[in-house]
Amino acid sequence: MSRIELDDGAFAKFQDDFYDLLEKYGVSHIDCEHVNFNEICEIRNKVVEFIEEEKYLIKNKQYRRSNNE
Amino acid sequence: MNKEDKILKTLSPDFGQLRLTNTMLNKSIIDANTSIRRFAKLFGIDFNFMEKGQKHKLLAYYDDDNSICTISFYKTVNRGDRRLSISGIKKKAQINDLIAFNYKKIILDNDLDQTIIVINVTAKAQNRKVA
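Residue numbers (numbering that gives the first Met the number 0), protein chains in the order written: chain A, 0 to 68; chain B, 0 to 130.
By construction, these hints were calculated from the structure, which means they are not laboratory data.
Possibly wrong hints are sitting among the right ones.
In silico DSS-like links for lysine-lysine, alpha-carbon gap of 30 Å or less [to be verified]:
1) B:K123 with B:K89
2) A:K54 with B:K26
3) B:K54 with A:K23
4) A:K60 with B:K26
5) A:K12 with B:K123
6) B:K8 with B:K51
7) A:K45 with B:K74
8) B:K8 with A:K23
9) A:K23 with B:K26
10) A:K45 with B:K90
11) A:K12 with B:K90
12) B:K56 with A:K12
13) B:K26 with A:K58
14) B:K89 with A:K54
15) B:K8 with A:K45
16) B:K103 with A:K12
17) B:K54 with A:K12
18) A:K12 with B:K89
In isolation and in its complexed conformation, chain A is listed as follows (with noise of 0.2 Å):
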């Protein structure tokens, strides 16, 4: 699936908001050594790739939209 990836900086906002979000909803603090650390990232990391493959998605329903008219 092609994905338009998001930049650096994208990313660590996401992450921090990603963190955030979890903590938020009864998470314990998350860092490197939160006991799920791995598990945190395995899902931020998909999450990425589903908002950057939807990124994808949206552009190219968008230029062929413009192509047809």
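With chain A's structure known, arrange chain B on it following the hints.
For chain B alone, kept in the frame of chain A given last:
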């Protein structure tokens, strides 16, 4: 004992180590684990006393070619996460490599000083050439 462990055994007692993930290498987001934080303390950098957004830089060199690099220890602005960055690491390592920070004492102008050495333990163990 595997080759990486054998190399780690030769290092100074309070060396720091981390295993590089894709995010660490390609997004330059490296969390400072316990061994890194303990290592930083040897050089007077204590994350416990750092403000959000604060950064400390140390000069180091890569052990394979003695090229100089900078290790930055910092707390992120928003969450205050404890992080570090290593200049040039992308050229010196690949995902899943074990990186160690070693130190050795040198005498500089009659003063005892400590210098930091960045070692790609995995590349060394595999006799793999890095840039």
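Quiz item: Which numbered hints does this structure break?
Solution: As far as the earlier hints go, 5, 6, 8, 15 and 16 are violated by this structure, in ascending order.
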